[in-house]
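From just these sequences and the hints, can you work out the full model?
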Amino acid sequence: MGLRFDLLLFTIALLSVPVLSDLILSRVDRRIDLTSQVVRTTSTLKVENAGSDLVSEVLLAFPDSQAKHLAYLSASSTEGKGKAKGSAVSFPVEIVHPKGMPPALTFYSVSLPKGLGKGDSLTLDVLVVFKGALQPFPEKITQADIQLVVFYETAYYLSPYAVKVQSLSVKLPDARIESFTKIENTKIHGSEIKYGPYENLPPFSYSPIVVHFEANQPFAIAQELVREIEISHWGNVQVTEHYNLVHGGAQSKGEFSRLDFQARPHVRGASAIRHLVAKLPPRVHSIYYRDEIGNISTSNLWGDHKKTEMVIEPRYPMFGGWRTAFTIGYSLPLQDFLFQSDGKRYVNISFGSPVNEVVIDTLIVKVVLPEGSADISVSAPFPVKQGQETKFSHLDLVGRPVVVLEKTNVVPEHNQHFQVYYKFSSLSMLTEPLMLISGFFFLFVTCIVYMHADLSISKSSPSYLAKLQWDEVQAAVQQVRNIINRCLMIHDKLEASLRDLSRTGDVQACKSARKAFDGLLKDLSKDLKPLLASLQTSPQAAQILPKVEELVGKERDLQERMMAKHSTVVDSYEKKSSGREIENRVALQQQKITALRQEVDDLLDLIDEI
Amino acid sequence: MAPKPIASPVPDAWYPSLSVFMLAIGLFVTASFFIYEATSSRRNRSLTKELITGAVASVFLGFGSLFLLLASGVYV
Numbered sequence: 001m002g003l004r005f006d007l008l009l010f011t012i013a014l015l016s017v018p019v020l021s022d023l024i025l026s027r028v029d030r031r032i033d034l035t036s037q038v039v040r041t042t043s044t045l046k047v048e049n050a051g052s053d054l055v056s057e058v059l060l061a062f063p064d065s066q067a068k069h070l071a072y073l074s075a076s077s078t079e080g081k082g083k084a085k086g087s088a089v090s091f092p093v094e095i096v097h098p099k100g101m102p103p104a105l106t107f108y109s110v111s112l113p114k115g116l117g118k119g120d121s122l123t124l125d126v127l128v129v130f131k132g133a134l135q136p137f138p139e140k141i142t143q144a145d146i147q148l149v150v151f152y153e154t155a156y157y158l159s160p161y162a163v164k165v166q167s168l169s170v171k172l173p174d175a176r177i178e179s180f181t182k183i184e185n186t187k188i189h190g191s192e193i194k195y196g197p198y199e200n201l202p203p204f205s206y207s208p209i210v211v212h213f214e215a216n217q218p219f220a221i222a223q224e225l226v227r228e229i230e231i232s233h234w235g236n237v238q239v240t241e242h243y244n245l246v247h248g249g250a251q252s253k254g255e256f257s258r259l260d261f262q263a264r265p266h267v268r269g270a271s272a273i274r275h276l277v278a279k280l281p282p283r284v285h286s287i288y289y290r291d292e293i294g295n296i297s298t299s300n301l302w303g304d305h306k307k308t309e310m311v312i313e314p315r316y317p318m319f320g321g322w323r324t325a326f327t328i329g330y331s332l333p334l335q336d337f338l339f340q341s342d343g344k345r346y347v348n349i350s351f352g353s354p355v356n357e358v359v360i361d362t363l364i365v366k367v368v369l370p371e372g373s374a375d376i377s378v379s380a381p382f383p384v385k386q387g388q389e390t391k392f393s394h395l396d397l398v399g400r401p402v403v404v405l406e407k408t409n410v411v412p413e414h415n416q417h418f419q420v421y422y423k424f425s426s427l428s429m430l431t432e433p434l435m436l437i438s439g440f441f442f443l444f445v446t447c448i449v450y451m452h453a454d455l456s457i458s459k460s461s462p463s464y465l466a467k468l469q470w471d472e473v474q475a476a477v478q479q480v481r482n483i484i485n486r487c488l489m490i491h492d493k494l495e496a497s498l499r500d501l502s503r504t505g506d507v508q509a510c511k512s513a514r515k516a517f518d519g520l521l522k523d524l525s526k527d528l529k530p531l532l533a534s535l536q537t538s539p540q541a542a543q544i545l546p547k548v549e550e551l552v553g554k555e556r557d558l559q560e561r562m563m564a565k566h567s568t569v570v571d572s573y574e575k576k577s578s579g580r581e582i583e584n585r586v587a588l589q590q591q592k593i594t595a596l597r598q599e600v601d602d603l604l605d606l607i608d609e610i
Numbered sequence: 001m002a003p004k005p006i007a008s009p010v011p012d013a014w015y016p017s018l019s020v021f022m023l024a025i026g027l028f029v030t031a032s033f034f035i036y037e038a039t040s041s042r043r044n045r046s047l048t049k050e051l052i053t054g055a056v057a058s059v060f061l062g063f064g065s066l067f068l069l070l071a072s073g074v075y076v
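Chains C and X, in that order, are what the protein sequence lines are.
Residues in the first sequence are numbered consecutively from 1, following the numbering used here.
Residues in the second sequence are numbered consecutively from 1, following the numbering used here.
Just to be clear, a hint being listed does not mean it is correct.
Said to hold, decoys possible - DSS-like mimics (lysine-lysine), calculated; alpha carbons at most 27 Å apart, straight line:
#, chain 1, residue 1, chain 2, residue 2
1, X, 49, C, 467
2, C, 547, C, 522
3, C, 344, C, 407
4, C, 522, C, 493
5, C, 554, C, 565
6, C, 279, C, 182
7, C, 164, C, 118
8, C, 118, C, 140
9, C, 391, C, 493
10, C, 306, C, 279
11, C, 344, C, 423
12, C, 164, C, 140
13, C, 307, X, 4
14, C, 366, X, 4
15, C, 279, X, 49
16, X, 4, C, 423
17, X, 49, C, 306
18, C, 344, X, 4
19, C, 182, C, 164
20, C, 493, C, 467
21, C, 307, C, 253
Said to hold, decoys possible - Simulated restraints on C-beta separations:
#, chain 1, residue 1, chain 2, residue 2, range
22, C, 176, X, 7, 26 to 36 Å
23, C, 375, X, 11, 20 to 30 Å
24, C, 456, X, 55, 44 to 54 Å
25, C, 309, X, 7, 18 to 28 Å
26, X, 11, C, 264, 13 to 23 Å
27, X, 35, C, 495, 23 to 33 Å
28, X, 55, C, 589, 43 to 53 Å
29, C, 595, X, 20, 41 to 51 Å
To be verified - One-sided excerpt, in silico: chain C residues whose CB lies under 8 Å from chain X:
#, residue
30, 345
31, 437
32, 440
33, 471
34, 475
35, 478
Worth flagging that the hints you see were computed from the coordinates, not collected in a lab.
Glycine included, each C-beta is placed from N, C-alpha and C at the ideal position.
Structure representation (structure tokens):
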């Protein structure tokens with residue numbers, strides 16, 4: 001009651017203040033919505049210019065006791081009337097301190113860009129949202145009690161201008177109304193209380209009213225909410241939200257009985273927070289809900305192509321004054337939130353929490369941009385505190401730039417889109433794969449260096465020298481093997497040319513092929529000579545040398561027989577012998593060739609093993 | 001100019017298969033690299049061949065592991 005008395009006193013003081021301008025409010029309709037924990041006041045003001053000067057601003061007055069709860073204020077006007085209503089135009093609003101005004105009032109000025117000429121009128125829609133304006137009374141209740149709250153307001157519209165006609169309606173939740181102030185023209189209609197109409201009231205008229213009613217809706221208040229929005233150009237927007245939630249209603253006293261709560265949840269624990277609904281964007285995926293000790297399994301998710309809804313339950317029902325902390329996270333497709341315009345990229349994403357029932361004391365939004373972003377600027381629909389920091393994440397060299405936006409007293413009306421503009425070159429996306437590639441390449445280079453490096457300490461010890469020689473022998477043997485293998489391949493090709501001959505009968509082509517292969521074989525045997533010589537001089541090769549020499553000998557033998565067979569077949573063709581005759585003539589040779597080939601292969605395997 | 005949505009250069013749905021294929025190829029080339037290292041003798045080992053095999057293997061392994069990270073939800 002003390003508050004009411006103060007206000008009355010200062011109302012009397014106000015009446016002596018001179019009228020500010022020639023504006024008058026010809027009609028004021030106010031609707032106050034008390035059905036949730038935030039107080040939404042929608043006022044329709046019909047402003048008339050009764051003076052002769054052009055007026056470009058309209059003042060809105062709030063007593064300081066209300067102004068400290070004010071979280072959101074917007075003023076707009078719809079052009080046209082009835083069915084021809086155009087879109088709403090919103091006007092800029094700022095806090096002002098006009099001179100000669102009483103000190104206990106806070107003023108907001110609505111600027112009219114076009115101004116209001118003599119005799120003109122304008123209909124202004126003002127939406128004001130107060131946070132924490134409902135005070136629980138009694139302040140402490142037990143589990144079985146219902147939650148009652150009080151709300152203070154003025155029945156007359158507090159304005160620096162004279163008001164001709166006005167009315168006020170207060171919408172309450174569908175529950176008990178404990179008491180409300182009755183003045184003249186007060187009507188109650190269901191859960192709606194109507195004050196007015198009142199006519200011809202001077203500026204700064206004030207008539208305090210108090211409404212005391214039952215409000216069992218949860219008072220979920222996030223004392224701090226940190227939203228981290230991480231952009232990855234590889235196709236993902238990762239949102240992580242850390243909530244620090246408290247039930248801001250009447251404090252719970254006495255003990256809590258889980259049994260009573262389970263048995264009759266709507267009587268024993270009517271004001272408890274049971275669940276919260278998060279309205280997430282469509283096409284959201286990889287959603288989680290956890291706290292410090294792990295996943296919280298009491299959540300439900302469903303969605304369609306327009307939206308996704310997640311119902312999350314805290315680990316325990318929350319009573320007045322109880323608190324909890326949890327984290328939700330989800331991934332969004334990049335193309336829904338990242339756009340390109342005029343050479344700049346911008347993120348367009350909502351500012352507030354997806355949980356609609358929650359009001360936030362301090363909201364910190366961090367937008368983590370990819371490494372290499374530059375020229376960062378923010379465009380928000382309301383003033384926010386801006387900062388920048390750097391975050392190190394996976395595969396970062398210099399860190400990712402982070403835009404930090406901070407705002408206190410956030411209500412669901414602040415859940416609007418904001419934009420972060422930045423410049424980014426698509427080539428910067430290649431840094432991450434290049435880092436991985438260079439990492440792997442470094443591994444390979446290390447292996448190569450290790451295999452090539454000579455790590456022995458004593459360069460003159462006999463064992464080291466022996467090893468060097470053995471390496472040389474090995475290299476030579478390997479080369480010999482390579483040459484023999486190539487010879488064998490040429491033999492196969494000779495056979496193939498014979499088969500071609502029998503198919504096409506083209507003797508000339510066969511002869512020229514033979515000539516080419518002869519040359520090749522000669523070159524190969526020339527290459528073989530120095531290798532054999534080096535093997536013969538090396539003492540280390542003593543063991544392997546006989547085998548190698550045998551191999552070379554056999555191969556030469558094989559080669560001669562092969563040539564002989566080839567010549568025979570070609571000759572027979574030139575003499576136009578029959579197929580059977582040729583076969584008979586080469587049968588013996590063929591047998592020997594096969595045997596030799598087998599021996600050569602065996603020797604190659606044997607050398608391989610040594 | 002109207003705002004144009006920006007999407008990933010590679011569709012998200014391809015990430016798992018891309019990572020499997022690139023890692024398979026990468027590991028195959030790596031295997032051939034190490035077989036070459038182990039079997040060829042020090043004298044007639046060619047540095048260019050080693051470097052080329054290593055480079056090819058690391059390109060495939062690098063992109064393969066990037067796509068593996070992306071497919072498993074670690075958006076770098």
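For each hint, the structure was consulted:
1. Only pairs whose Cα atoms come within 27 Å are accepted, and residue 49 (chain X) paired with residue 467 (chain C) is accepted, the gap being roughly 25 Å.
2. Restraint check for residue 547 (chain C) and residue 522 (chain C): satisfied, since their Cα atoms lie roughly 22 Å apart, inside the 27 Å limit.
3. Our distance criterion of 27 Å between C-alpha atoms is met by residue 344 (chain C) and residue 407 (chain C), whose separation comes to about 26 Å.
4. Pair hint residue 522 (chain C) plus residue 493 (chain C) holds up; C-alpha atoms about 16 Å apart against a cutoff of 27 Å.
5. Under the criterion of a C-alpha separation no larger than 27 Å, the hint pairing residue 554 (chain C) with residue 565 (chain C) is consistent with the structure, at around 16 Å.
6. At most 27 Å may separate the alpha-carbon atoms for a hinted pair to count; residue 279 (chain C) and residue 182 (chain C) exceed this at roughly 40 Å.
7. Under the criterion of a C-alpha separation no larger than 27 Å, the hint pairing residue 164 (chain C) with residue 118 (chain C) is consistent with the structure, at around 18 Å.
8. The hinted pair formed by residue 118 (chain C) and residue 140 (chain C) fails the criterion: a straight-line CA distance of about 55 Å is larger than 27 Å.
9. Restraint check for residue 391 (chain C) and residue 493 (chain C): not satisfied, since their Cα atoms lie roughly 66 Å apart, outside the 27 Å limit.
10. A hinted pair counts as satisfied when its Cα atoms are at most 27 Å apart, and residue 306 (chain C) with residue 279 (chain C) qualifies at roughly 11 Å.
11. For the suggested pair residue 344 (chain C) and residue 423 (chain C), the alpha carbons sit about 5 Å apart, so the restraint of at most 27 Å is met.
12. For the given pair, residue 164 (chain C) sits about 43 Å from residue 140 (chain C) by alpha-carbon distance, which is inconsistent with the 27 Å threshold.
13. For the hint pairing residue 307 (chain C) with residue 4 (chain X), the CA-to-CA distance comes to about 22 Å; that is within 27 Å, so the pair holds.
14. Between residue 366 (chain C) and residue 4 (chain X), the direct Cα distance comes to roughly 24 Å. Compliance with the 27 Å bound is thereby established for this hinted pair.
15. Of the supplied pair hints, the one linking residue 279 (chain C) and residue 49 (chain X) is violated, its CA atoms being roughly 58 Å apart against a limit of 27 Å.
16. At most 27 Å may separate the alpha-carbon atoms for a hinted pair to count; residue 4 (chain X) and residue 423 (chain C) meet this at roughly 15 Å.
17. Restraint check: the Cα-Cα separation between residue 49 (chain X) and residue 306 (chain C) comes to about 56 Å, which exceeds 27 Å; the hinted pair is violated.
18. Between residue 344 (chain C) and residue 4 (chain X) the alpha-carbon distance is near 11 Å, which keeps this suggested pair within the 27 Å criterion.
19. Annotation: proposed proximity of residue 182 (chain C) to residue 164 (chain C) holds, straight-line Cα distance about 21 Å (limit 27 Å).
20. Restraint check: the Cα-Cα separation between residue 493 (chain C) and residue 467 (chain C) comes to about 39 Å, which exceeds 27 Å; the hinted pair is violated.
21. Under the criterion of a C-alpha separation no larger than 27 Å, the hint pairing residue 307 (chain C) with residue 253 (chain C) is inconsistent with the structure, at around 39 Å.
22. Between residue 176 (chain C) and residue 7 (chain X) the beta carbons are some 55 Å apart, a value that contradicts the proposed interval 26 to 36 Å.
23. About 29 Å separates the C-beta atoms of residue 375 (chain C) and residue 11 (chain X), a value consistent with the hinted range of 20 to 30 Å.
24. As the Cβ distance of residue 456 (chain C) to residue 55 (chain X) is approximately 29 Å, the hint placing it in 44 to 54 Å is violated.
25. Between residue 309 (chain C) and residue 7 (chain X) the Cβ separation comes to about 26 Å, which falls inside the hinted range of 18 to 28 Å.
26. Distance hint check: the CB atoms of residue 11 (chain X) and residue 264 (chain C) are about 53 Å apart, inconsistent with the given range 13 to 23 Å.
27. Distance hint check: the CB atoms of residue 35 (chain X) and residue 495 (chain C) are about 31 Å apart, consistent with the given range 23 to 33 Å.
28. A hinted range of 43 to 53 Å holds for the C-beta pair residue 55 (chain X) and residue 589 (chain C), which are about 50 Å apart.
29. In this structure the supplied range 41 to 51 Å holds for residue 595 (chain C) paired with residue 20 (chain X), their Cβ-Cβ distance being about 49 Å.
30. Below 8 Å, beta-carbon pairs count as interface contacts, and residue 345 (chain C) has one with chain X at about 6 Å; its hint therefore holds.
31. A distance limit of 8 Å between C-beta atoms decides the matter here; for residue 437 (chain C) the minimum to chain X is near 3 Å, and the interface restraint holds.
32. Of the supplied interface hints, the one on residue 440 (chain C) holds, with its beta-carbon coming within about 4 Å of a beta-carbon of chain X, less than 8 Å.
33. The closest approach between the C-beta of residue 471 (chain C) and any C-beta of chain X is roughly 5 Å, which is under the 8 Å cut-off, so the hint is satisfied.
34. At a threshold of 8 Å, the smallest CB-CB gap from residue 475 (chain C) to chain X is about 3 Å, leaving the interface hint in force.
35. Below 8 Å, beta-carbon pairs count as interface contacts, and residue 478 (chain C) has one with chain X at about 6 Å; its hint therefore holds.
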